[in-house]
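Taken in order, these protein sequences are the chains called R and V. Residue 239 in this note's numbering is what sits at position 239 of the first sequence, and the numbering runs on without skipping anything. Residue 532 in this note's numbering is what sits at position 126 of the second sequence, and the numbering runs on without skipping anything.
Everything labelled a hint here was simulated from the structure, so no lab data went into it. Ideal placement from N, C-alpha and C gives every residue a C-beta, glycine not left out. Treat the hints with care, as some may be off.
[As the list claims (entries may be wrong)] Calculated pairs, BS3-like style, for lysine-lysine (alpha carbon to alpha carbon, straight line, at most 25 Å):
#1 K696/V <-> K596/V
#2 K15/R <-> K102/R
#3 K699/V <-> K60/R
#4 K825/V <-> K27/R
#5 K227/R <-> K318/R
#6 K596/V <-> K27/R
#7 K648/V <-> K553/V
#8 K684/V <-> K8/R
#9 K50/R <-> K225/R
#10 K596/V <-> K583/V
#11 K825/V <-> K50/R
#12 K60/R <-> K102/R
#13 K195/R <-> K184/R
#14 K825/V <-> K15/R
#15 K825/V <-> K8/R
#16 K673/V <-> K699/V
#17 K583/V <-> K573/V
#18 K583/V <-> K62/R
[To be verified] Computed spacing ranges between beta-carbons, pair by pair:
#19 K102/R <-> T832/V: 33 to 41 Å
#20 K15/R <-> T832/V: 25 to 33 Å
#21 L600/V <-> Q12/R: 33 to 41 Å
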Amino acid sequence: MEKDIRIKPDLQFIKELQAVGGDGVKKCYQCATCSVACPLSPADNPYPRKEMVWAQWGLKDKLVNDIDIWLCHNCGQCSDLCPRGARPADMLAGLRNMAYQKMVTPSCFGKWMSSPKHLPKLIAIPAVIYMVIWFIMAGVRGSFFPLKDGNVVYGYLFPGDFTIDPIFMIAFGFMAWTFYRGVKNLIESFKDQPKVFAVGDKSERPSLLACFVDVCRNELLTHSKWKECGETDEADEQKFNGHRFIMLAFIFLMIVTGIVAVTHWGGKIIPFLSAIGHTPMPLWHPVKILANVGAVMLVYSLVLLTKRRLNQDESQHKSSYYDWYLLGLIWTIGVTGIMCELLRLAGIAGLAYPMYYVHLVAVFMMFVYLPWSKLGHLVYRTAALTYARYIGRLPMPVREEKTFTL
Amino acid sequence: MPEKIGVYFDQASISPFLKAEDIAEFVGKVFANECPVIKCHPRLNTEEGRKLIQEDIDAGNVDAVLICGTSPRVDWDIFNFDNVMVERVNLREQCIKVFRNPDGSLPDPNGEVPELLQIMANEYVKMGLMKLTKGGLSEAQVINSTKVVMVLGGGFTGLTAALYAAKTNHDVILVEKEDTLGGKAAGMYKTFPLAYPYLEAHVTGIEDLIAEVESNSRIKVLKSAELTTLEGAPGEYTANIKVGSISEELPVGAVVLATGWVPQDTKYVEPMGYGSSKVVTAAEFEAMVKAGKMDASSVAFVLDTRLSEAQFAAEEETYANRSDEEIASDDADAKTASDAAKANGEEEEDFVYEDMESYKHLPYSSELSSLVALKQANYVRELNEDGIAYIIYDHMMVPGVNERYYRAAQDDPGIMLTKGTVTSVTEEGDSMIIAASNTLLGENIEIQADLVVVPTGMVPTTAHDPTINLVYRQGPAFPDLKQFDGYADSNYICFPYETRRTGVYAAGCVRQPMTMGLAREDAAGAVLKAIQCINSANHGVAVHPRSGDNSYPVFNFMRCTQCKRCTEECPFGALDDDEKGTPKPNPSRCRRCGTCMGACPERVIGFDNYNIDMVGSMIKQVDVPDDMEVGGPRFIVLACENDAYPALDMAAMRGKGWSPYVRVVPVRCLGSVNTIWIADAMSKGIDGVLLLGCKYGEDYQCHFVKGSELCDRRMENVADSLKRLGVEPERVVQSELAIDDYDKVSDLIDTFVNDMIKIGPNPFKGY
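Work the whole structure out from these sequences, hints included.
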């Protein structure tokens, strides 16, 4: 006989979940339309119905250790079809938001990231750091808006070697280390997940690496799982393309940054490299072209995603602060980045330097707070999807074995 | 009795299968004396058609009208003429539409009129003429009625009813047992929403209602009062009311019964943990909250009552199946007890009211229990911000607009709902543990709570006490309430408020467990019924379901043998009797069903427009061929005109048909079928009689409550007489037919016909 499980509902948890996007959760009357509608939900023990019931009862332990919330790609079909307007998709997004908030220490960042009232603190940290640098360098250069040979050169006011690069290297290291701990916590939370494999399946249990490769190939780069969610209307297309372009734009910009960093620091050892990546680059430089293409793609995808969010039917999908924070931040980075380039070319020092300052602050915010922001899904979801394949919650692609008969 | 009958044929209804002129010619030949006017018209239900008939009436050419065409169920408003009897012959639905040749084929619309169809039409017209000649207009027995409405019970329903009645300019006597008004509502903290948007519980407003009632000059409020007896008949009741030690006699026209409910014995919830200090009933919880004594922060509402039901149902089962010795010993015990009582000088009561409270009142109240749990869960949340309320239900019943309240309650983060089977409720330290299986959470769960609330079964006051205390021959109480476990509901389908006592209308929880919103509607409905009853008595006409019928049973006391069958069988207790047993009719109690007429072995009871001779003569209009092989058999269908007859019509309209050897005779109710009609039919050589009436038994549908049941019993008795005559008793068949069974009618009749043909010809043919 099944053992009775003593359950302990957590009212506080329900309220928290409602605050981060799951406010419709109590409306659910367990018809399971959501689980039927979901194109991705596994046939065995499907989501999001069970999560809805758990959430209604405030069963925190079950929800925070649930791997299924990461399998959802938030296409919103469940919310579209929900007869009660309980918005299961938003509830799952809310659970993920909660995960970003609670996954890793220092928890104050998680808390600050959860509400707009803490935004000033988050801005203040990089703002102060870069302001100090600005003040010091203004003293060195003799002006707050110094020109080098009559040109605006950002590296002249914010020298890469001594200010920008070390700070970002530390920031990047901090982020990587945080993610490492976060992923560890995440995998740890899945330890009670059952390990399921089909009976009679003779294939070897996949290795973690194989799972990871599969996730990268079939989910990340191609978005193929997401494609299964269906592109039925304009909004779905906006979302799908917006997400894909924004990811490509970031990859382009990452390559650019990588090249600049490698050639710059590599140039210290192999001198000719430094010439390739010397900034500011002329506009015909292939790396510069790549950077500009990336910037344009970024803005284009932002337009798509913002338009979609603004046109959403509030009764079926709501946007949480987590959504708007990330969109706002990327807008800031994109717009200030482009403006920096234009103002530099125009030689308007009085505007160019403040613009660059804002750009620095925004980029810092993106990197340092990444593990607590919605963008953290880049790492957490990848980790969860990999692990889900590893434990058999998600199937690996079927390998066709060639058989030859005589 | 009419002497000049005008016969009118509606050609539109019967063409092209029948030629109106042929039938007219037949009537002219056979009934030349009775029918001075015989006319055919292309379309009678028009201005022109009506004018044609009206002119004949005005000219004094006719004193009765026979309209041959459509069913009497249509155009009755058109064919309505003052001061003349109107009869309809249903040649459209039940003649041309249902006619099938003996081989089952449809008649050819352009060919010759089939002989059997012509015979059928002629016989139906003859029956119609016979009905007119044997009938007569009756004069209403007007009662100079008292326009006072007595409302029993001063709770929410009673107060509302009193106000509604007063608003219609009727004087009201409000009788309340307790010394304060307000009833159960006065003890409630809040009620479910009674108005849009139906989202939040609110105060009952009972104080305002009481004040309004007490300040109304039309309403006479009697507190600490008791109705000792109610004597007389609707429109002229005398209520004997005891207030304190003083008795008062007050004239009353009609009664609204709003005596409500009492909480069920708590022994019925003991299997659900009641008895522990941390388990209370919903009624007790309500009182706790009202008194400000509710301090639990987590409360579990257990709506799944199967633990209790299973135990008590098993006990009942064991008792019902006990051995003969045990039954004998129980009887002996009862006898000793009553002997002992007699020996002690206690007078033996001649009337003992059986208590009808049972565990079943728990599931009967489950709709209310669901709503109460939602309401009280909201109390928990209202009183404590961190409070948690659990509701474990088997069925969450929130029909109608209450769905909105359910949704609103469900939306509260602190109200946890799950379907589930509660397997145990136990104490553990300072709290209670509720275990449940089959939950929505997909596993067996245990919940810990400070307090457990179990539902309160609502037992109607009429389960414990006659309440109405009538001075009727059939006793002081509503009859057969056991069938409804004490609820004062007549179970009239579609007819709420009706009881089996004309003039007494039930409203509120005495009728069925209900919300205050519904009780308010009930109060209005019952008051309107009561007023209708007073006015009907005032005009000497029947109330529902034969509203407006001014006939009434007439007794030929000369031949009455005082057998008391009519007084005992009347479903409404309309007949009292004197010491010798001579029936004493009370026209305003009577609903004109004719059950007395069917019951009377001496056939001394009849109505001016419906009597033994009339139906007997109609049956005699069927010509039975001497040789069944040549002319075919003949069958009579006696169809209840409330449900079976409309079902036949509907079947006809939907293209169904049946044997051409069947003749349908409508009757008011199968209860009015006198066995002499069967004997008449059989002695004439009719091969079988089919009685179509309503369902009877637990879920009866009879408009007159008992008609079809009584008929069934009488037909058992008639079987013996038939056997003695040498007629197979199998030739009389009774079938239950609901109004929506039109799809089954055709098969039912044809099966009957085939069964009868198998038996062979009636031995009385040709005599």
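These are the hints, each one checked on the structure:
Between K696/V and K596/V, the direct Cα distance comes to roughly 9 Å. Compliance with the 25 Å bound is thereby established for this hinted pair. Restraint check: the Cα-Cα separation between K15/R and K102/R comes to about 15 Å, which is no more than 25 Å; the hinted pair holds. The straight-line distance between the Cα atoms of K699/V and K60/R is roughly 32 Å, outside the 25 Å bound, and the hint therefore fails. This hinted pair checks out: K825/V and K27/R have alpha carbons roughly 15 Å apart, not beyond 25 Å.
Annotation: proposed proximity of K227/R to K318/R holds, straight-line Cα distance about 22 Å (limit 25 Å). A hinted pair counts as satisfied when its Cα atoms are at most 25 Å apart, and K596/V with K27/R qualifies at roughly 24 Å. Only pairs whose Cα atoms come within 25 Å are accepted, and K648/V paired with K553/V is accepted, the gap being roughly 21 Å. Proposed proximity of K684/V and K8/R is supported: the alpha carbons are some 19 Å apart, at most 25 Å.
For the hint pairing K50/R with K225/R, the CA-to-CA distance comes to about 22 Å; that is within 25 Å, so the pair holds. Among the hinted pairs, K596/V with K583/V is consistent with the structure: their alpha-carbon atoms are about 23 Å apart, no more than 25 Å. Note on K825/V and K50/R: the hinted pairing holds, with a Cα-Cα distance of about 14 Å set against a maximum of 25 Å. Simply put, K60/R and K102/R have alpha-carbon atoms about 12 Å apart, close enough for the 25 Å limit, and the pair holds.
Between K195/R and K184/R the alpha-carbon distance is near 18 Å, which keeps this suggested pair within the 25 Å criterion. Taking the CA atoms of K825/V and K15/R, the gap is about 23 Å. The hint holds against a cut of 25 Å. Restraint check: the Cα-Cα separation between K825/V and K8/R comes to about 17 Å, which is no more than 25 Å; the hinted pair holds. For the hint pairing K673/V with K699/V, the CA-to-CA distance comes to about 24 Å; that is within 25 Å, so the pair holds.
For the given pair, K583/V sits about 24 Å from K573/V by alpha-carbon distance, which is consistent with the 25 Å threshold. Only pairs whose Cα atoms come within 25 Å are accepted, and K583/V paired with K62/R is rejected, the gap being roughly 56 Å. The hint said 33 to 41 Å for the Cβ distance between K102/R and T832/V, and at roughly 36 Å that hint holds. Checked against the hint of 25 to 33 Å, the pair K15/R and T832/V passes, with Cβ atoms roughly 30 Å apart.
Between L600/V and Q12/R the CB atoms are about 34 Å apart, so this pair conforms to the stated range of 33 to 41 Å.
Of the numbered hints given earlier, the model fails hints 3, 18; all others are met.
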